[in-house]
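In case you want the letters, here they are:
Number of protein chains: 2
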Amino acid sequence: MLLSKLGEFNLIKKFRTSFAKTSSEIITGIGDDAAAISQAKKDAITLITTDMLIEGVHFDLSYTTFYQLGYKALAVNISDIFAMGGKPKHFLVGLGIPKDYDSGDIDELYSGIKSLAKKFAINIIGGDTCASRHGLVLSGTLTGETKRVITRSGAKPGDSIFVTDTLGDSAMGLMLLKKMGNKKWEIRNKKFKLLSSKFSLPTSHLRLIRRHLMPEIAPLKNTGGITSMIDISDGLLIDLSHICDESNAGARIYMDKIPVSQELIETAERIGVNYRNFALKGGEDYALLFTAPANIKIKACRLGEITKKGRFIVDEKGRERPLKAEGYEHFKDSEQSSVRLFTIH
Amino acid sequence: MLLSKLGEFNLIKKFRTSFAKTSSEIITGIGDDAAAISQAKKDAITLITTDMLIEGVHFDLSYTTFYQLGYKALAVNISDIFAMGGKPKHFLVGLGIPKDYDSGDIDELYSGIKSLAKKFAINIIGGDTCASRHGLVLSGTLTGETKRVITRSGAKPGDSIFVTDTLGDSAMGLMLLKKMGNKKWEIRNKKFKLLSSKFSLPTSHLRLIRRHLMPEIAPLKNTGGITSMIDISDGLLIDLSHICDESNAGARIYMDKIPVSQELIETAERIGVNYRNFALKGGEDYALLFTAPANIKIKACRLGEITKKGRFIVDEKGRERPLKAEGYEHFKDSEQSSVRLFTIH
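These protein sequence lines map, in sequence, to chains A and B. The first sequence begins at 1 in the working numbering and counts up one residue at a time. The second sequence begins at 1 in the working numbering and counts up one residue at a time.
Heads up, some of the hints might be wrong.
Since copy identity is lost for identical chains, a pair holds within one copy or between any two.
As the list claims (entries may be wrong) - Computed cross-link-like contacts, DSS-like style, restricted to lysine-lysine with a CA-CA straight-line distance of at most 30 Å: (1) K178 x K14; (2) K257 x K14; (3) K13 x K147; (4) K297 x K147; (5) K297 x K41; (6) K13 x K324; (7) K324 x K99; (8) K14 x K317; (9) K87 x K41; (10) K99 x K178; (11) K324 x K42; (12) K147 x K299; (13) K299 x K99; (14) K308 x K179; (15) K87 x K42; (16) K5 x K178; (17) K309 x K14; (18) K5 x K324; (19) K13 x K87; (20) K87 x K147; (21) K42 x K119; (22) K13 x K308; (23) K308 x K14; (24) K179 x K317; (25) K119 x K221; (26) K317 x K147; (27) K5 x K42; (28) K317 x K221.
Don't read these hints as lab results, they were simulated from the structure. None of these values were measured; they are calculated from a predicted model.
Turn these sequences into a full structure, and let the hints guide you.
In structure tokens, the structure reads:
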């Protein structure tokens, strides 16, 4: 049914039924002026983050399903809570929707949110729904809790730099999606296939595309000893530079230590681009980048160390070069893509 | 400076300097993956609300300054917290900005937010800044705290219905702004005058326009005894119907008890429209509508009573008529205005 026929209040009613109260912490959920929650752990610190996703800037509905979009809107916020060392708790979603959209699309979007919320036991407690004139706008706000806040500012010279997952996959996935045009990928219920087509693709492509559309985020199991942390949303070089800036420190990373997937290397080779650019500057991998004393025992890849000052990258031949914070920055880039394909200098 | 020259990270830097940590409750403010706050009162209930403002839907920059827009983005969220009986605490602002905007405009917007934040001792703890393709998008998230949550669902038959301010002013202010075209009003520092013009207006117009652009919101001083509450954002008829729906009750209101300003009556007469439509269906007054036992002593206008069922309005001649929930609803209305000028039936 067209939204212009259903109307705002019926949409909110559907939303409310779909996200009924699921936790005793929620005093008032969707359907009042504000949500009301009691704090389960009285001594916990509350975390809160907000992210905006704008059609044509952050996503393209020609290759993203509404389900995937809902999933990702929540995923990027969870990633921020993980990056502070927290556990995600309550989610609010703001939606600006063009009125010629179908209410079934919005149902799909909510399903995507719901699937990920369920995985991490997140309650959906409220939001705002309104008309938009140009394209879909999503705004997600997520709260979290933690006993210890891990900021970007605690890195110390001598600390090692770690990352929890391979880098560059998401940016390559985005590039593939753009190259292939408007083919939609169905990846609900763990099945990942192309919608309405018998077009076949190498499995390596599938994994990269999936990483872009529905990033599998995970928290660090044990944050004891971690001195600083950030999630990779703008690319390794930019996100590492945030840690250096905030910690007033330098860094040295090693190209051959940066974890990259076999799929990224193969695909980059096939289409004739340098995979290193994707690993260094590609955004939206939503892996966690953190620092900790070198002797820490942790399941993550060590890719360099924090120094007193200066930022350098050591290439495969052992040559040290200065490192520039390049990657995705809003306003500055005319590209919608989250990666700019420069060569490293 | 153009945003495309300044860039996202410099903008965040400015934002961060402008909104330095102002409270010991804030562990981490702007500039990390999420804000971290400790709860001052351990037994308090946390409130949280989010609102989206989209250019061309919620505001028109041809007659709204950036300062006013910032002010209003925070005001609508504070109003939601007041409507739950709470005290506003921490604000996060998401901004989607076209890249050809000037950074000075964004400074003005922040000034508007800041002026109101200061008045209510609200901390600005974070946000998200990104590029937008079509027009400005704002998303505000505000937390609050309260010992007792006042929902929409507690109204009891026999309760009186009250409102804290005159109704219809904001909708009439909007109509005047539209009629006058793109003249901007400077109402910073309590001074309210037309920018760059010697055009003069009746004082009544000024007050109505001001009410629309910079609503003066205020909490109820004492919420003891209040059984339900909502803020008037979509118009009296719709907002009252929300209380009836949630409380599973009816209502009877009296046209001659609805508080209206002399300015509204005079202006409506001058331009030949019925002021009652503005009072009943005009949105965005941000007054508080609440119910309480009839014998309560409170500074507010009593405009009717809660009944077991049915919704009626009694006109000036004592005739009772059924009441329809008409006012502003997103998607359903082709008008950007928050009032539709039907006659009451």
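To see whether the hints hold, each was checked on the structure:
{"no.": "1", "hint": "K178 x K14", "result": "neither (34 Å within a copy, 34 Å between copies)"}
{"no.": "2", "hint": "K257 x K14", "result": "neither (49 Å within a copy, 35 Å between copies)"}
{"no.": "3", "hint": "K13 x K147", "result": "between (36 Å within a copy, 28 Å between copies)"}
{"no.": "4", "hint": "K297 x K147", "result": "within (21 Å within a copy, 45 Å between copies)"}
{"no.": "5", "hint": "K297 x K41", "result": "within (29 Å within a copy, 38 Å between copies)"}
{"no.": "6", "hint": "K13 x K324", "result": "between (50 Å within a copy, 19 Å between copies)"}
{"no.": "7", "hint": "K324 x K99", "result": "between (44 Å within a copy, 23 Å between copies)"}
{"no.": "8", "hint": "K14 x K317", "result": "neither (59 Å within a copy, 40 Å between copies)"}
{"no.": "9", "hint": "K87 x K41", "result": "both (12 Å within a copy, 22 Å between copies)"}
{"no.": "10", "hint": "K99 x K178", "result": "both (27 Å within a copy, 23 Å between copies)"}
{"no.": "11", "hint": "K324 x K42", "result": "neither (43 Å within a copy, 45 Å between copies)"}
{"no.": "12", "hint": "K147 x K299", "result": "within (22 Å within a copy, 44 Å between copies)"}
{"no.": "13", "hint": "K299 x K99", "result": "neither (47 Å within a copy, 41 Å between copies)"}
{"no.": "14", "hint": "K308 x K179", "result": "neither (42 Å within a copy, 62 Å between copies)"}
{"no.": "15", "hint": "K87 x K42", "result": "both (15 Å within a copy, 19 Å between copies)"}
{"no.": "16", "hint": "K5 x K178", "result": "between (34 Å within a copy, 27 Å between copies)"}
{"no.": "17", "hint": "K309 x K14", "result": "between (55 Å within a copy, 24 Å between copies)"}
{"no.": "18", "hint": "K5 x K324", "result": "between (52 Å within a copy, 18 Å between copies)"}
{"no.": "19", "hint": "K13 x K87", "result": "both (29 Å within a copy, 27 Å between copies)"}
{"no.": "20", "hint": "K87 x K147", "result": "both (10 Å within a copy, 25 Å between copies)"}
{"no.": "21", "hint": "K42 x K119", "result": "both (24 Å within a copy, 29 Å between copies)"}
{"no.": "22", "hint": "K13 x K308", "result": "between (56 Å within a copy, 23 Å between copies)"}
{"no.": "23", "hint": "K308 x K14", "result": "between (55 Å within a copy, 26 Å between copies)"}
{"no.": "24", "hint": "K179 x K317", "result": "neither (33 Å within a copy, 70 Å between copies)"}
{"no.": "25", "hint": "K119 x K221", "result": "within (16 Å within a copy, 42 Å between copies)"}
{"no.": "26", "hint": "K317 x K147", "result": "neither (43 Å within a copy, 64 Å between copies)"}
{"no.": "27", "hint": "K5 x K42", "result": "neither (45 Å within a copy, 45 Å between copies)"}
{"no.": "28", "hint": "K317 x K221", "result": "neither (35 Å within a copy, 71 Å between copies)"}
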